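Take the given structure of chain A and dock chain B to it, following the hints.
Number of protein chains: 2
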Amino acid sequence: MFESAKIQHDIDKASFEEQVPQLRTDLLDAQFDLAEAKNFSVILVFAGMEGTGVIDALTGANTVLDTRHLNTYAFDAETEEEAERPRMWRFWRTLPPRGEMSIYAGSWYGAPLTDRILGRSSNADFEQELQAINRFETMLAEEGALILKFWLHISKAEQVKRLKKMKGSARTRWRIEESPWGGSDRYKKVKDSAEEMMRITSTEHAPWISLNTENPYYRGLFLGKTIQNAIRERLSQADDKPLVTAPVELPDIDGRTVLTDLDLSLQLEKSEYKKQLKKYQDRLNELVQHKNFRKHSIVLVFEGNDAAGKGGAIRRVTEFLDPRSYRVNQYAAPTDEEKLQPYLWRFWRHLPRLDHFAFFDRSWYGRVLVERVEGFCSEYDWRRAYGEINDFEQEMSDAGTIVIKFWLAIDKDEQEARFKAREETGYKRYKITDEDWRNRGKWGEYSEAVCDMIDYTSTRNAPWTLVEANNKYYARVKVLKTICEQIEKRLKKKK
Amino acid sequence: MFESAKIQHDIDKASFEEQVPQLRTDLLDAQFDLAEAKNFSVILVFAGMEGTGVIDALTGANTVLDTRHLNTYAFDAETEEEAERPRMWRFWRTLPPRGEMSIYAGSWYGAPLTDRILGRSSNADFEQELQAINRFETMLAEEGALILKFWLHISKAEQVKRLKKMKGSARTRWRIEESPWGGSDRYKKVKDSAEEMMRITSTEHAPWISLNTENPYYRGLFLGKTIQNAIRERLSQADDKPLVTAPVELPDIDGRTVLTDLDLSLQLEKSEYKKQLKKYQDRLNELVQHKNFRKHSIVLVFEGNDAAGKGGAIRRVTEFLDPRSYRVNQYAAPTDEEKLQPYLWRFWRHLPRLDHFAFFDRSWYGRVLVERVEGFCSEYDWRRAYGEINDFEQEMSDAGTIVIKFWLAIDKDEQEARFKAREETGYKRYKITDEDWRNRGKWGEYSEAVCDMIDYTSTRNAPWTLVEANNKYYARVKVLKTICEQIEKRLKKKK
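Those sequence lines, one after another, are chains A and B.
Per the working numbering, residue 190 is the first one in the first sequence, and the count goes up by one each step.
Per the working numbering, residue 190 is the first one in the second sequence, and the count goes up by one each step.
Okay, chain A solo, but in the shape it has when bound (with noise of 0.2 angstroms):
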């Protein structure tokens, strides 16, 4: 992957300043119209041989780019609030906005590269994470992000030259990094590294390109022109969605589903009710103050048909809890910011810290369900939204979240039944609006799209739970019982 980057390259100072006035203003200009377009952001990742002055190649960029419009990040160790989340929580706060850029350092690929190298995880860890960063960078390029990634490379003496010379400078003493990798004495190592990391990740919306960067002229004509180029080539393309081949069909055979299976009379008298809630807000409590939980944080989904009971449901859930530990999260329509990020961006910024919780009152899965049946977003973006929504659960899993989800499902006529009992109780907050009798009548085709979200998105590490909710007793009792079990399990396995 590096045969490009072999090429010794030959520019002379005078050359270089000849182009660079022009080079400047052609990326201000791009930079320019990418701000008022805001049709999307440009994402890119800097990363190279120790001593090829990435740190250099940064300086560079924020010289001649319009830093108003330009982030520059460096990942090093977590801080205290992005260790207690997933992984990636710290690389989704830092995502430009459409019409920005962020230049990474240090980026998504820091830390497996850095393990690899060492020989702190095997070949098969290795990939596995460079596939995730490939879903990751996928949804990115899907979401409008233009990605480029730049591998800066030098020859071995070139390295040891160099490593010896920046520590000599005073004014470029701050830009010697330390050297995580060892230095020259694992060159082979950093490179078969980056080989493997580059073969694998090297995708046609993400693309990693390789330089050599002995001659700092042609490194920053190179880069300059590279940058301008792509933005300037994507600002003239127009905004089209990929088409999607149409899916199969599948044949209804019987008229089951996992929703007409369920058995909707299943009910629980009140006296039992109470019993029951007693009991398993009790556990609930005691399993809150069990050592382990401590490690956790819990993220409950409630999503439901229109009156199912899901506010009910919830507030049976947080009535002992203690009300500094939990939050709940209800989506609107999105604000501007949010629109000018990916999807799930405005749920990655609620993520509960550990020993926290957070529900959602319905949830991301708004992507496959109102937006797809709707058609608020094109059939390619609900469809791509399944793979992406796993990813998000397993990134929550493996922080150590506890993903619940739970789907509340009542029929039609007791759905009818608590809209008109609604319109009679005259308060505001139950109003029902046209817009909800309009969605009844969309009922079968909400029902298709609750089966899918529930074959694609149910995974071992985030089950859904489907909830028999014509009787409001009986459903949250067994929200409360399923959050307790799930709870328990997953405690039980870190002993």
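No lab work stands behind these hints: they were computed from the structure.
Treat the numbers as computed from the prediction; the structure is a model and nothing was measured.
Relax, there's no trap hidden among the hints.
When chains are identical, the list treats them as one kind, so a pair holds in a single copy or across two.
Listed next, the in silico BS3-like pairs over lysine-lysine satisfying Cα-Cα at most 27 angstroms (straight line):
hint : residue 1 : residue 2
1    : 464       : 354
2    : 528       : 227
3    : 202       : 463
4    : 467       : 678
5    : 468       : 353
6    : 354       : 480
7    : 620       : 414
8    : 354       : 377
9    : 463       : 661
10   : 459       : 202
11   : 480       : 353
12   : 678       : 480
Then chain B, alone, in the frame of chain A:
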């Protein structure tokens, strides 16, 4: 301040349960209307004697209110990210946007009160901190927050009984907080300190309300009704801003101002400029490596006439800085998330961590410059901004931030020449808009606003530096030199 709170109320369970359903409906309706209207936010502060059930009150509130529009916060030890920023940053992070509510236990009163009770601060320190809180709450109120502060009271005999009892029940065990104040032994000290706190910080826009909490039914009804009444009352009010008394107009005796007194003919030759630039860039690099630098962060404010060369000056400063160590912030129109928050919120969110720089290419001074002159805010709003800005910068300074502020001044002829030159370059980023020419037409009004700004906000810890900027070389060197000197001065102080 506790007279009413000494009354031992006697509400029975039956009468409580009779009133609760209606109260709950009223509260939810008020919350619903607030969420729709989005014209103010609600901030509830809970504090009280140990054992009064502050947590019970929070739980009660969360049970009764709609938790989708409510967040509950408590503050223990600062996280690493919080500790590296001004003391109030953690509270700014959690302020409710308009339309929402936040409940604070362990609010901004937590640390000052505990320090006073444990004798770690003098009475004068205590009063000083409380006065700062007063200014903070005044600002919140001016920005449209409804603030209610509740002090939960009980008699000493009851406290002794309760603290003992709370340890007994498994279900409430998590509610037993540590006793940072030392339990009943310090009852009088707590009472006296709280009284002092309430005396100083009970204001017409953020009153303390003390209540006896020995009868839980009384407590519940009292809190619920007070909160509901306050929201309802405020919803019914017109959104009129208070009037400001006509300020004294200062007579112009000889036409001299801090701006007219500048010698705009100051200049540097190119060769001298290059020498000086390198000198101070090197000096800055040395300062950044100073061992005390890690205890500071740097906030750099750049204001100036249009086309005065702010961007060019910033670039000369950042040129040899580690690109990962700084961020250049520019403020266009506020996002819709920002619009729902107090004016200064969008600047607070970009304050740098220790060891980092934040450049502000235009800043919070927009309030007293463009917003004043163009009438984008009321006179009352920009007049109160001077004090709020001074408090903001004092907060930064107290936290180790070095605040450096520049006004880049050019004269009218120079501006015209630069506008015309920019129009001729034809690069889009330099497009001169009609607005630029219009602003120029208000030269006199802007000058007056600048002079007021300098007078009101040049403080010992955050002084303004006026930069003669007709000659760009001179201006850039003065900026760099000033930065070096101010950092140097502050680093020396620490020794």
